[in-house]
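J.: Sequence:
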Amino acid sequence: MDEDEVKGTAKDIGGKIKDGIGGLTGDESLQAEGKTDQLAGKAQKLYGSAKDAVSDAAESAKEAVGNAAGAASEAFSQPKSHYQPTGNSYVDESMLGRTTAMVKEQPILALLGTALVGYATAYLLHGRSRR
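To convert, note that position 88 of the sequence shown is 88 in UniProt numbering; the numbers rise steadily by one, no gaps.
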């Protein structure tokens with residue numbers, strides 16, 4: 001709880017007391033002063049709550065940025081290799097490595113796939129012939 005919240009609550013209570021006493025005694029000036037104090041107390045309490053919420057949010061954001069920076073630093077400080085040891089050799093697990101391995105194992109299928117992609121691209125770019 002913020003200091004302004006405590007002071008605002010105290011001012012609000014003091015204003016309620018003044019308002020009550022002014023109402024009992026018929027003193028409109030004291031009653032108006034009490035209502036003014038109540039309003040000022042509520043405003044100060046609201047200000048304290050807002051200040052406390054902003055402080056908490058800033059602290060949370062600072063912590064989140066620190067955590068993200070630490071995670072990024074850790075991720076980039078230890079680069080991961082796409083090569084995994086298998087027996088006496090290494091296997092490339094990247095997309096390029098898998099594609100290269102597939103082309104070496106099944107060259108006809110790779111050629112047909114490339115031709116199909118080329119034909120589809122030409123068809124999309126030029127459309128059907130108009131005879």
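Where hints are given, some of them may not hold.
[What the hints assert, rightly or not] Subject to a maximum C-alpha distance of 25 Å in a straight line, what follows is the list of computed BS3-like cross-link-like pairs (lysine-lysine):
#1 K42 x K7
#2 K42 x K18
#3 K35 x K62
#4 K51 x K62
#5 K16 x K35
#6 K35 x K18
#7 K42 x K16
#8 K42 x K62
By construction, these hints were calculated from the structure, which means they are not laboratory data.
J.: For a quick check of understanding: which of the numbered hints are violated here, in increasing order?
T.: Of the numbered hints given earlier, those the structure breaks are 3, 8, listed in rising order.
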